[in-house]
Amino acid sequence: MSNQLFVLNELALLQKHLAKHYELYQIVRDPQGEEAWQENVPVDTLPLYGEAHLPLASAKGFFFAQNEGLYKFDGETFTTIKPKLSPRALFGVQACDLTAIFYQDQFFKDDPYYQARREQSLLVGIDCSGPCEKGFCPIVNAGPQVATDHADLILSNFNQEQQDGLETTWLLIAASNKGVDSLQGLKLEKAPDNWRHLRSEFKEQVLAKFADFTYINTSIEYINDGLVPPELWEELSVRCLACSGCTNLCPTCSCYATSDQTDSESNSQTTVRFWDSCQFDGFQREASGHNPSHLAAQRTERFWFHKFSDDYLPEFGRYGCVGCGRCEQTCPGSIGVHTVMRKIEQQCCN
Amino acid sequence: MHESAAVSPQNKPAMSKTIVNSICPFCGVGCGIGLVTEKGQVTEVQALRNHPISQGQLCSKGWNTAFGINPRDRITHPLIKQEGQFVKVGWPQALAHIADKLTGYIRGYGADSVGVISSARATNEDNYAAQKFARAVLKTNNIDHCARICHSPSVAGLKQTLGSGAMTNSIDDVDKAEVILVIGADPTENHAIIGGRIMGAKLRGSKLIVIDPRVTRLAQVADLHLQLKLGSNIALLNGLVNIILQQGWQNTEFLSKRCEGLVELQAQVANYPLDEVAKVCGVKGEDLVAAAKLYSQANTAFLAYGMGITQFVSGTNNVIAVSNLALVCGQIGRQGTGINPLRGQNNVQGACDMGCLPNVYPDYQSAADERVRAKFAKAWHTLVAIEPGLTSLGMSNQARKGKFRSQIIFGEDPVVTDPDQNKVAQGIKALDMLVVVELSMTETAKMADVVLPAACFAEKEGTFTNCERRVQLVRQAIAPPFEAKVDWKILAELADFMGMGALMPWQNSEQIFVEMANLSPSFSGMSYALLEQQQGVQWPCNEAQPMGSPCLHGHTFPIGKARLIPVEQTPTAESPDRQYPFWLTTNRLHYHYGCGSMTRQSPLLERETPDGLLFIHPQDARDLGLVDHQAVGVRSRRGYLETRIIYSEQLAPGLLSMPYHFKEAPSNQLTNDAMDLLTEMPELKACAVNLQALDANRQPRSIGEIIEANQQILPLVAGTRTAL
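Chains as they are written, first to last, in the numbering used here: chain A, 79 to 428; chain B, 122 to 845.
Since the hints were made in silico from the structure, they are not lab data.
Just so you know, these numbers come straight off a predicted model, no measurement behind them.
One or more of the hints may lead you astray.
Just a few of them, taken from the derived set where beta-carbon distance is under 8 Å, the chain B residues facing chain A [stated by the list, open to error]:
1. Pro173
2. Val336
3. Arg699
4. Gln700
5. Leu798
In silico lysine-lysine, BS3-like type, Cα no more than 30 Å apart, as pairs [claimed, not checked]:
6. Lys94/A to Lys138/B
7. Lys160/A to Lys138/B
8. Lys138/B to Lys98/A
9. Lys150/A to Lys138/B
10. Lys682/B to Lys162/A
11. Lys187/A to Lys138/B
12. Lys138/B to Lys421/A
13. Lys610/B to Lys256/A
14. Lys138/B to Lys212/A
If you want a taste of the chain A side facing chain B, the calculated C-beta under 8 Å gives, among others [stated by the list, open to error]:
15. Gln283
16. Lys287
17. Pro307
18. Ser315
19. Val316
Yeah, the Cβ is synthetic: ideal placement off N, Cα and C, and Gly gets one too.
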C-alpha cells in the first residue's frame, strides 16, 4: 500500500483517539526512575519515546511471553489455553525494537499464541532523533528511523529545529491498512508531499550524530569468514556466568523450553513454556547426555553466530542483532556486543 | 521532553500486568528486581537499570525468581501433625496450640528450654520481631539464625580487630581498586553480580589476586592464583604479613597512627618464614612475594573473602589473620580498599544487625550488658531475658541431652544445610515440639509438629540489608496466597495468644522499623522515606552520617585504634588418613541457592543440576579406575551417600568437592561439625572421606533410599552384636 502522510500537532490528540479503541501501552517512568512498558496507562500520561527512553526490557514479552500456559490436560482431553486479549496499541516503539518484532513475526509466523497477540496489536513507532547510550542501529539497518514495513503508524518529530517547544509538529505516517483504519474518525490535515523527503534529510542529520562503529562491521566480517580463533571464544566464555540476561533482554532471542506442571487440587496438567537460553549447558544437551555445545566457548560462539551470520539472511532477510546494546548493559561478565566485537576486531587484526 | 507521571498500581484494572520494584531474594548482593504480576501472581521478572547495585543485571537465580515463589508448591494452611500425618487447621487453633505448649514448657522447664531460629531470608522487621518475641515474650536469649554457619566468625573476629563486623566498604569500591584480593570466595557463582564487577575491573586494568584451593572462575582470569592447600589460610596470611614487614612494604604511618599490637605481631609472624609457608601451603615462594608486593604497594586494594575463611575450626582466627594483613598495609578506611566479607543470604546482614544472635540486641548492643537490657526493658515495657542464650547448634545439642523442649524455625532447612545431618536430625527428633514456618515442605518442615504457611518476599513490605550494609525497601507485589502470613504478624498473633499481645502492637512493617531505629544508634537517621528517596542507605546512618556510610573507619575505629592480634596456623579437625584418604570441601553452584527449595523449582535451573555431585580431579579418578559420571559411594566418619563423580580441573589432586544444595545427596551427611570455639562455627570446608565405585549397573541411591535400606539392615546388625 502507499503510505499516507498527515500533520499532527499534538501527540496527545492521537493518543486520546487511540485510547477510545485500544488499550494503550506506553513507556512510563516509575518513582525509582525505571522506564518500562506499562499497560492501561491513563490517557493524560504523555509517552516517553525516542533514544533517551529505550526501556531495558523490549516489547518482546508482549507477544512472546516470558512464561505462559500452552494447553491443559485433565486426564481425558487437551484444551488449548488461548491468550484472551482486547485490541491494544503500543505507543512509541523505537525503530530497533520494531525491527525485532518484524524479525520475530517471521520466526513465530505459525505460532498461534504469538500471532493471537500480534493480531490484536497496533504498533505506533516513533523515530529516534539521535543515538542512544549503547545503540548502533544504523550498522545493522535497524534504525534510527522506523522502517515503513515495521509499524502501523509512524511518528516523526518535525519540530527539532524550533526552540520555543510550545508548538509541536509531527509527521504521522499511516504505514499499513491497520494503521489507516486506526485513524478513522480523527480529522487530520494531509502533510505536504515534500515531508517524506524532509524525513530522509532528518535521517542523514541523525546518522551524523552516531559514533564510529566500524569495528562492529569489521568483526561481523571476521565472524562470517570463520576467522575468530577458538582460543578467543574460550577467553570470552570464561566470563560467561550463564545468567541468561543477554538472551532474556535480546529483542530477537526466541528460544523457549516447555514443562508440565501438575495441579494436584484439580488433578490436571498444564504445559507451560518460558524463555530459555542457549547459554545454559542444558540447552542443547540431548537425552543421552551428549551435548553438541558442551563447552561454554561453543555456546558463546553460537550466540554471536546467530546474531551476525550471513547464514540466516535467506530466512530472515537480516541479521539477528538490531543494535540496541542491551546485552552490553546486562552482562555481568562484560561480554556484551561492544566488548566482544571490539575484542574480535583487535585480536583478528593482529 | 515529556516526562510521564508515575503510574501507581491502585489506578490500574485488576487484570493487567503491574511491575513492582523490589530486592532479589537470593544472595547478599541485594540486586534490584522488577516483579511483574498478573492475576495476583508473579509471572515474570525484570532487571532494573537504575538500581545502584545491579544496574540492569541479574544472575540466573534472580532471573528465575518467579518459579521459586509460585503458589503450586506452597504450604497452604497451618498444619498440625496428628499420628504422623499433617492435618489442616485454622490459624487460631494452630496458634493456641503452640501458645499452650510453649507456656507449659516455660513453666515446667524454664524459659531457656525454648528458642527461636529466625530467617536470614526474611525482612529486618521480621527479624526484629523474632528477637523481641524471644527476649520479651518467651524471656530467653535463645535466638539465632544461619549466620552461625556463614559469617559468625566475621562478626566475632572483626569486632575484636576493628570493632565492627560488617563489610567496611561498598560494592562500588571494586571499580576504584588498583588491586583486588579475593580469599576463599567464589563470587562469580555465589555473588554473581559482584563477581562480574571484579571481572570487569580486571578487564579495565586492575590487578586480581585469588587465594583459593580451587581454580575458581576468578582464579582462571586472575593475574595471580595462590592455590593453597585446604585449611592453610593462617600460615599463608601470616607468611604474607611476614614478607611485607621484612621488605618494609608496610604502611608505617597508618600503623603508628591507627593500630596497636605491631611489635607482638611482628615477633609472631617471624615464625612463618617464606620457605616453610610455601611448603605448608603448597604454593610457590615467588608467588607469595608477588602477592605481598602487589597488595601492599597498591594505592588502593580491595580485599573480599567468603566461606573459605570462615567455615573452619579456626574461623575467627582466619578472619583476624585477614584483618592483620589489611591493617599492616593500611588498606582500609579509604575508597577502593577495605575488609569485605561477602554475605551469603539476602538479609543475613540484617538478621545479625537486628540482634537475632544470642549475645546481642539490635545494633550489636550486648545482651550481657545490664544497661542494654535495662534500655530495652524500659522501651518495651516488660522484663527481658537475663541468662545468656544458646546458639542454634547449642539448642540442638541441649535437645539431644533432653534439656531443650521446643523450637520455632523460620525459613531454614537445617536438616539439609547444617553440618552432620544425622546429628541435626537427632536434635530435632528430641524436641517435644518443633514449629516450622515455611513456604514449602522442606525436609525440616516434614519433621515438624506444627507447620505454618509463611509469606514470601514478594508478598510483604519491609527492608533487606545487603552485604555492603545498604538497607533497601522490599515492596509488596502480590497478596500472600491461601492462608500464608508474614513472619512478624505470626509472631505478634502468637504473642497475643500467650497473653502478651501488647508487646507487639504493630499495624505495619514501618512501625516496626521506627521502633527499631529509635533503639539502634546506627539506624537512628533512617526512615522508609529516606530509603525510598535514596534507593537504600548504608548504616551507620545517624546525626553524624545523615545520608549513611559507604566507607567505614575513615578517621577512627569504633574501638579507637585497630588491633593487630597474632594468630597461629591451626590444623583442621580432621585430615586425610589411610581410612579416609581424600579431603572433602564444599562449594556452591551459580544456578542454585541454599537447600534448593526455591531454585530447584525452576525447570531451567534444575536442568543445570549436574548429573553427579562429587567433583574430582581427573588424575585421582583415573588412579582409582573411575570413569567420568561413575556412580560412587562416599563415606566419612559421620555418614554415607551415593552420587556420581564429575571430572573437574578446578580441584587439586587429593581434594574432592561437593555442592550442598541437593537433598538427595546432601554433603552434610559427610561434613564435620567440629567447631570454632568462640562462635560455634562448624568446619564445613574440610573433612576426610573415602570413596568406592558402585557396581557397574547400579544407580546412586538417594539419601532417603539409603536410610530406608539401613533401617532394614540395622536390627540385624544389632541382633548380631547382642548375640556376640
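Which numbered hints fail: Violated: hints 1, 2, 3, 4, 5, 10, 12, 13, 15, 16, 17 and 18.
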